[in-house]
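Visitor: So you can see what is in the structure, the chains are spelled out below.
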Amino acid sequence: MTQEHAHPHPEDEGPPSEHEIMSRAMQELLEEKGLITGEQVRRRMELFEQEFPQRGSRVVAHAWTDPAFRKRLLEDGKAACAEWGLDLEADRLIAVENTPQVHNVVVCTLCSCYPRALLGMPPTWYKSENYRRRVVREPRAVLKEFGTVLPESVAIRVHDSNADMRYVVVPLRPAGTEGWTEEQLASILTRDTLVGVALPRA
Amino acid sequence: MTPSAYAPAPQRRFNVGERVRVKQADPPGHRRTPAYVRGKEGAIERVCGAFPNPEELAYGFDGEPKRVLYRVRFHQHHVWPGYEGAPHDVIELEIYEHWLEAA
Chain F
8 MTQEHAHPHP EDEGPPSEHE IMSRAMQELL EEKGLITGEQ VRRRMELFEQ
58 EFPQRGSRVV AHAWTDPAFR KRLLEDGKAA CAEWGLDLEA DRLIAVENTP
108 QVHNVVVCTL CSCYPRALLG MPPTWYKSEN YRRRVVREPR AVLKEFGTVL
158 PESVAIRVHD SNADMRYVVV PLRPAGTEGW TEEQLASILT RDTLVGVALP
208 RA
Chain E
74 MTPSAYAPAP QRRFNVGERV RVKQADPPGH RRTPAYVRGK EGAIERVCGA
124 FPNPEELAYG FDGEPKRVLY RVRFHQHHVW PGYEGAPHDV IELEIYEHWL
174 EAA
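In the order they appear, the protein sequences are chains F and E. Per the numbering used here, the very first residue in the first sequence carries number 8; after that it's consecutive. Per the numbering used here, the very first residue in the second sequence carries number 74; after that it's consecutive.
Among the hints, a few may not be true.
Derived list of chain F stretches under chain E, where covered just means 3 residues or more per stretch with a C-beta under 8 Å from a C-beta of chain E [claimed, not checked]:
hint, region
1, 134-146
2, 157-169
For the chain E half of the interface with chain F, some residues (derived, Cβ under 8 Å), not all of them [unchecked claim]:
hint, residue
3, Y109
4, C121
5, P127
6, A131
7, W153
8, A159
9, L166
No lab work stands behind these hints: they were computed from the structure. Note that beta-carbon positions come from the ideal geometry of N, C-alpha and C, so glycine has one too.
Just chain E, same shape as in the assembly (with noise of 0.2 Å):
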């Protein structure tokens, strides 16, 4: 059977429910961050395992040590000043592990 891409990803540093924040920065490069959540807080939705790292596959290299892969919710109030849909809307991304920090 294929392994399943929920492997528990055991030296991780969030668990599900957990408060963070992904990190205002903007390196150059290949980043698989989208610049709209950076600096906004939210919370562990499920961690879906250890991955290369995209940003070191990106330019040829192995991606290794693999990274931490959590998806992560955000309230759409919190990520868009003037979201005009309903208080209860919220976006899901993938953020690596060297993203987050705890808020």
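The shape of chain F in the complex, shown without the other chains (with noise of 0.2 Å):
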């Protein structure tokens, strides 16, 4: 799967969408009233395009090197990142871990939920409605598309984030990373690993 071609032509824009012009209708009442500022605007999109994507890579590293932190992440997602000092807002979370046995994958079929104060703003391939309607049901076909090939005996686990929940996969520490310390540990745990569609390699 491919991402679709991004860079912007400012002549090419068209005109904004119904919802852009609800967004910024909305944006500018809320001002006018008093009630949140176009700086606290910008710096909730900075944090979502820069802080939050840092997040997940960093508290799954963690429960790599931490047995007791796992243990708690994978029983309550939301009060073990909250113990550690992430601040999940309104994200209630799931941490699902692979295991030899068993690969998990996320998607939302209805719409693109994401753990956002996690991993940042979910991108295009998430949003789309290939991936959203093929996961479902020929998992191991997408993942093949990413370049993830499991064997038949390790068993496929789909999460559809259909309500209230949010997911993210704990992978398998891979070989060859004893000894390494959580940055280094972070820096494999890339967004698709923690979404399942790949594999962290040393």
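Relying on the hints, combine the two individually framed chains into one complex.
Guide: As structure tokens, this is what we get:
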């Protein structure tokens, strides 16, 4: 699966969408009423783009190195993150662990629910109809398109985040990472490994 | 500390491991139960807690009374006739209690 052509050409942006107009109108109203400021909106966008995407890798790297924390993360993701100093805001989190017998992959078939407070904004492919329709019914074919081929002996467990919970995958820690720092481990825990379409590589 | 999402829902109808069937229904409006699991049978994997009913929230109501949300595990072969993966492949979804009946 490939990313959409993404770089903007100002001359072919076209008119703003209905949702864009509604969103701008809502922001203007809220600013007029003194409830929010443009600076706050900008800061939120910056957090989603710069800070939040780092969090998932760090928290899972910590789980790789601290078995007690890993256990708490799997029991109650939100509470474990809070204890570690990460406020997931409205996100209620279920962490699901890969084992030699089970591989987990996450989707939202109804829209694009995603653990944004942990991973930032969802990638384009996650929101695509192609991914949402197909990964639930032919997960092995979709994983293969991402370069992830798993033996039949490994059960694929698809998680449809169709309601109130959000999901993050705790991948298997690969051989050859013994003695790595959490920072080194976080560097191989990419976004795609935490959604479950890829495996971390040492 | 932030309250846990796994607050037990003492009034719940189902327990972990119990067999359930998703109601085969097609009501209009905002529903969080995907069509592909309606009428399918699975097992309760965990109790997520009790949350405001999204079918009410979607229309500006308060979502009360709260509904118990379960995580239900289905075998892929039961969900998709002709599923081509391994026999132990599963799919899990969140289903509100009012969509479930004992199987």
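Visitor: Now look at each hint and say whether the structure bears it out.
Guide: Verification of the supplied hints:
1. 134-146: holds (count 4)
2. 157-169: holds (count 11)
3. Y109: OK, holds: Y109 of chain E within 8 Å of chain F, min 7 Å.
4. C121: holds, 6 Å
5. P127: holds, 7 Å
6. A131: violated, 12 Å
7. W153: Constraint on W153 of chain E satisfied, holds at 5 Å.
8. A159: holds, 5 Å
9. L166: Cβ of L166 of chain E sits 5 Å from chain F, so the hint holds.
Checked against the numbered hints above, the structure violates only hint 6.
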